[in-house]
Amino acid sequence: MTTNYAKGLSERISKFRKQNGLTQEQLANRLGVTSQAVSKWENEQSCPDISLLPALSDLFRISLDELFGRSSKTIDLRKGLITEYLFNGDAQDTSGNGFHGKVVGATLCKDRFGNFQSAYYFDGVDDFIVVEPAPIINHEAFSLSVWCCYDDISGKSGWHNAIVSQDGHHNRRVFQLSTRNSNITFHRFLLEPDLYVEAPVHKGFWYHIVITYENQMFQLYKNGVLICKQHGSIVPDTKEPLYIGRKSTDEPYFFFQGMIDDVRLYNRALSEEEVHELFLEDNWKPRAEPFIPKAENVKTPILECVDDIQVTIPKDKIKAAADWYVKHLDFKLLIEQDEEFYMLSLYKGPNLLLHSSLSVAAINEELSPVIFKTKWDIEKLVEKLTAAGAKVKEIRDEGFAHFIDFQDPFARNWAVMREK
Numbered sequence: 001m002t003t004n005y006a007k008g009l010s011e012r013i014s015k016f017r018k019q020n021g022l023t024q025e026q027l028a029n030r031l032g033v034t035s036q037a038v039s040k041w042e043n044e045q046s047c048p049d050i051s052l053l054p055a056l057s058d059l060f061r062i063s064l065d066e067l068f069g070r071s072s073k074t075i076d077l078r079k080g081l082i083t084e085y086l087f088n089g090d091a092q093d094t095s096g097n098g099f100h101g102k103v104v105g106a107t108l109c110k111d112r113f114g115n116f117q118s119a120y121y122f123d124g125v126d127d128f129i130v131v132e133p134a135p136i137i138n139h140e141a142f143s144l145s146v147w148c149c150y151d152d153i154s155g156k157s158g159w160h161n162a163i164v165s166q167d168g169h170h171n172r173r174v175f176q177l178s179t180r181n182s183n184i185t186f187h188r189f190l191l192e193p194d195l196y197v198e199a200p201v202h203k204g205f206w207y208h209i210v211i212t213y214e215n216q217m218f219q220l221y222k223n224g225v226l227i228c229k230q231h232g233s234i235v236p237d238t239k240e241p242l243y244i245g246r247k248s249t250d251e252p253y254f255f256f257q258g259m260i261d262d263v264r265l266y267n268r269a270l271s272e273e274e275v276h277e278l279f280l281e282d283n284w285k286p287r288a289e290p291f292i293p294k295a296e297n298v299k300t301p302i303l304e305c306v307d308d309i310q311v312t313i314p315k316d317k318i319k320a321a322a323d324w325y326v327k328h329l330d331f332k333l334l335i336e337q338d339e340e341f342y343m344l345s346l347y348k349g350p351n352l353l354l355h356s357s358l359s360v361a362a363i364n365e366e367l368s369p370v371i372f373k374t375k376w377d378i379e380k381l382v383e384k385l386t387a388a389g390a391k392v393k394e395i396r397d398e399g400f401a402h403f404i405d406f407q408d409p410f411a412r413n414w415a416v417m418r419e420k
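Take the sequence shown: its position 353, counting from 1, is numbered 353 in the UniProt record's numbering, and each next residue is one higher.
Lysine to aspartate or glutamate pairs mimicking EDC-like chemistry, simulated, CA-CA at most 16 Å apart: (1) K79 - E272; (2) K229 - E192; (3) K375 - E304; (4) K317 - E339; (5) K373 - D405; (6) K373 - E419; (7) K79 - E274; (8) K384 - D330; (9) K102 - E240; (10) K384 - D405.
In case anyone wonders, no lab produced these hints; they're calculated from the structure.
Input sequences plus hints: build the corresponding full structure.
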């Protein structure tokens, strides 16, 4: 062992191990050595074998130069920053670009370090922060970084708890970082598949979420680690406000309940190294994420939908239709207005809007079915629909999925897809 080889290596091994949230025993298990060996490395009593150095650098997600302290690369986490909300006493934009937030109901609280009045608490009822006008997202590359900590979300399913969103109706939908069931999800409104964190969120645990976009590729990071990626594109909107703690509509289950802090938008894609550095900012010490066993005997929803659907029903049948959809297709009633308009939700996607009409012609214009998804067994679903009074018209095998075409008792056509 030479002095140059050992100098500072013990401190860096200890530093990078802790930054990655590993115990000495966990690091030892991953390298195939004893925990006593790791302890000796960190106490300068010995050094790892040269053959282990590439494995160490890979495990810590750093270069060999960085492991030996020879990296001259500096990280500038303010480069490309277009807006920044540190919430240190207010919702002012500390990037210097003047996109200040307006606080509606949210209250200052402790941040993840325990500092008073350094984050915002949202009550899940009507609290939010709005930025209007909002910063314009770069259509070629951008990054979104945010810290969030949930209150209890048990019993909630489908879409809820929006964290950060720029999500107006129709052509003004840019992105939505929210929660689907118990998973943090980056939603792009059917333009491409969602990015989501498979592990469910845990009450009272701080999550650092980063979305990056560059070269038509979205990436989602959780607590400094790349979770998933997805090809796609983004179209900025110059008029839609940016919301923190809710989406643009007043849907009650989208109001965030918990704490949010350190929201940043960049006009470039952060590198994996920069994301990790941002996660460890201000000497944050990573915590072990609580283990949450998968729930058993969870009721499988009959249908899943991903966008608003508008349906016209004869006025004398609209209430019965709404009741039938709630009873037999598991929709939830959100709004009822003079038996002329109903808003229903699957809690697995947005809404089913029922409009009343006296015109048969208006009804006949909407005979084209909307495709829903299901995880139900085909035979059981057909049996359930038939027993509820629906007419199953056709069952089709399209290779990648089965499709069921059926007509409900109110002459509405439906198409349901069951992926193989």
